[in-house]
Amino acid sequence: MDVSHNIHHCNLPASPGAQGEVNNAQIIMAVAEKEEASTTTSKNVYDSGTPCSPQSPQRACSPPMIMGSIPEYPSDEASCNQIEELEDTVSLLHRALNIKVFDLVHFLLFKYEMKDFTTKSEMLESIVREYEEYYPVIFSEASECLRLVFGIDMIEVDPFVQSYTLVTALGITYDGMLSDAQGKPKTDLLIVILGIIFMQGNCVSLEMIWRMLNNIGFCDWRDPFLCENPRKIITEDFVQEGYLVYRQVPDSDPPSHEFLWGPRAFAETTKMKVLEFFASITKSDPRSYPEKYAAALRDELDRA
Amino acid sequence: MQGSSRRAGTMTDVHRRFLQLLMTHGVLEEWEVRRLQNHCYKVHDRNATVDKLEDFINNINSVLESLYIEIKKGITEDDGRPIYALVNLATTSVSKMATDFAENELDLFRKALELIVDSETGFASSTNILNLVDQLKGKKMRKKEAEQVLQKFVQSKWLIEKEGEFTLHGRAILEMEQFIRETYPDAVKICNICHSLLIQGQSCETCGIRMHLPCVAKYFQSTSEPRCPHCNDFWPHDIPEVFDPEKEREAGISKSSRKSLRTRQH
Chain V
1 MDVSHNIHHC NLPASPGAQG EVNNAQIIMA VAEKEEASTT TSKNVYDSGT PCSPQSPQRA
61 CSPPMIMGSI PEYPSDEASC NQIEELEDTV SLLHRALNIK VFDLVHFLLF KYEMKDFTTK
121 SEMLESIVRE YEEYYPVIFS EASECLRLVF GIDMIEVDPF VQSYTLVTAL GITYDGMLSD
181 AQGKPKTDLL IVILGIIFMQ GNCVSLEMIW RMLNNIGFCD WRDPFLCENP RKIITEDFVQ
241 EGYLVYRQVP DSDPPSHEFL WGPRAFAETT KMKVLEFFAS ITKSDPRSYP EKYAAALRDE
301 LDRA
Chain Y
1 MQGSSRRAGT MTDVHRRFLQ LLMTHGVLEE WEVRRLQNHC YKVHDRNATV DKLEDFINNI
61 NSVLESLYIE IKKGITEDDG RPIYALVNLA TTSVSKMATD FAENELDLFR KALELIVDSE
121 TGFASSTNIL NLVDQLKGKK MRKKEAEQVL QKFVQSKWLI EKEGEFTLHG RAILEMEQFI
181 RETYPDAVKI CNICHSLLIQ GQSCETCGIR MHLPCVAKYF QSTSEPRCPH CNDFWPHDIP
241 EVFDPEKERE AGISKSSRKS LRTRQH
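Chain order of the listed sequences is V and Y.
Under the UniProt record's numbering, read the first sequence as residues 1 to 304, first letter to last.
Under the UniProt record's numbering, read the second sequence as residues 1 to 266, first letter to last.
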């Protein structure tokens, strides 16, 4: 990426977790922030017709406590030059780190669109590269940005491999679009499946899923145009996206398989929400399933 | 601390959901965007009044500004429909596609892009593109494979196919205009009216200036005798109709009432 265009720091309030830490990189960023506030910034963007006025977005964060640890300007001229040099280097570093944060945000947005997992090593290799020692700061700024601006959470899936998945922090909902575009969200089908799994005791066979779908008339009153290949969607797409887990029943002979909620489902929604939805489509009250309602309540308490 | 005359907007769950869904769909027409906006309000802030779409998007863009991302609005070159996509402003290459396609596939796209930009009509024939298959970087690709890759591009809305010829989808133009202008400064064509990149359009036979079809439609809307804005010669082509979203909606309603509407409401 071209370093010559001027960069603004991400317009975010300081993250509560970060405030306690005063590590080198943050001191550097704070100093560079002060530096940057005194330079005009302009955006290097071609936008046919629309004039782009140069201005920096309102800064929401300014950690004065960190600034306090920076030495005062000495009266000695040689030391003044030294301080200037330090500030130049620092502001260059600050800009470079900001670029890395943006790169990482773009990279992760792409991963979210593709519903793909990513790992620390992949992020290091493709984005962070020569700034490896700043990885923690870059990573936390990028995650914060994703959460505050896009409502997307980075959930650690495997602590050993340090792999992450990106999920919406806002809960599953329909997107309200008739899915005539290719491969577009089939969240209503997903929520029904999650509901079926929950209602049947958290694991269920494929045959049972079909039976239940027919019972509640799901595939009947849906436009066949929308319900194109439900088998593939359930057994492949939802599994791949992490919403469902399809595994062999332990100690089964002949081997049989079952569906369970996947990690992404746990991250994006709760049993209570699914129960409520399920009750609404069967036109009943969640409390009319007392056992399930109790289980859902327990789940809510556990999460709290 | 320096003050600024334009404050960055505030993001709520309504805006965040909107962004997430716009990203997932890639590119949307204006009526779809309005529906999406309404859906997001319904889900996250039922009682609020729905912001005017332009204000809603400007609000989001003011926050995205510092990330060099923007919700950009464009119009399709063939019939002037407004479309919206989330574009990266800082990267000036085909990088948005970069992680989705293999090296040889990306190179195929670049070759097709070059042919399209160079062409007189804005279209490159399938044959001409496939003939370049031997020159691709990366793993060797057969013509049969290349045909399928081209179809992948059409499905992902980077290219449009018409009768065996390919041109750029509105999404590609939105995303890559800057890149195209920088990479092919001599071959690139510009519309005389709106001054943006032109792939498909009409041209004056006397002086050679070009205009987008929707720009032609607007410019000559109430003129009985269309004349070239540059050399004043008679404009020899058919003047297309200005895109009318109202007519579009009526046509859409009559089409979908034939197939019974079973919208799932959240």
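Treat the hints loosely; a few may be bogus.
Simulated coverage check for chain Y against chain V, where a stretch passes if three residues somewhere in it have a Cβ under 8 Å from a Cβ of chain V [to be verified]:
hint, segment
1, 9 to 23
2, 60 to 68
Quick list of the computed label-pair ranges, beta carbon to beta carbon [what the hints assert, rightly or not]:
hint, chain 1, residue 1, chain 2, residue 2, range
3, V, P159, Y, D55, 42 to 48 Å
4, Y, E250, V, L206, 20 to 26 Å
5, Y, K137, V, S140, 34 to 40 Å
What the hints contain is simulated information worked out from the structure, not anything from laboratory work.
We put the beta carbon where it would ideally sit given N, CA and C, even for glycine.
Taking the hints in turn, this is what the structure says about them:
With a threshold of 8 Å between beta carbons, the proposed coverage of the segment 9 to 23 of chain Y by chain V holds, since 8 of its residues qualify and at least three are required. Using a Cβ-Cβ cut-off of 8 Å, 7 residues of the segment 60 to 68 of chain Y lie near chain V, which meets the minimum of three, so the contact claim holds. Roughly 44 Å separates the CB atoms of P159/V and D55/Y, a value that falls within the hinted 42 to 48 Å. Between E250/Y and L206/V, the C-beta spacing of about 44 Å breaks the proposed range 20 to 26 Å.
Distance hint check for K137/Y and S140/V: the Cβ-Cβ separation is about 37 Å, which falls inside the suggested range of 34 to 40 Å.
When held up to the earlier numbered hints, the structure conflicts with hint 4 and nothing else.
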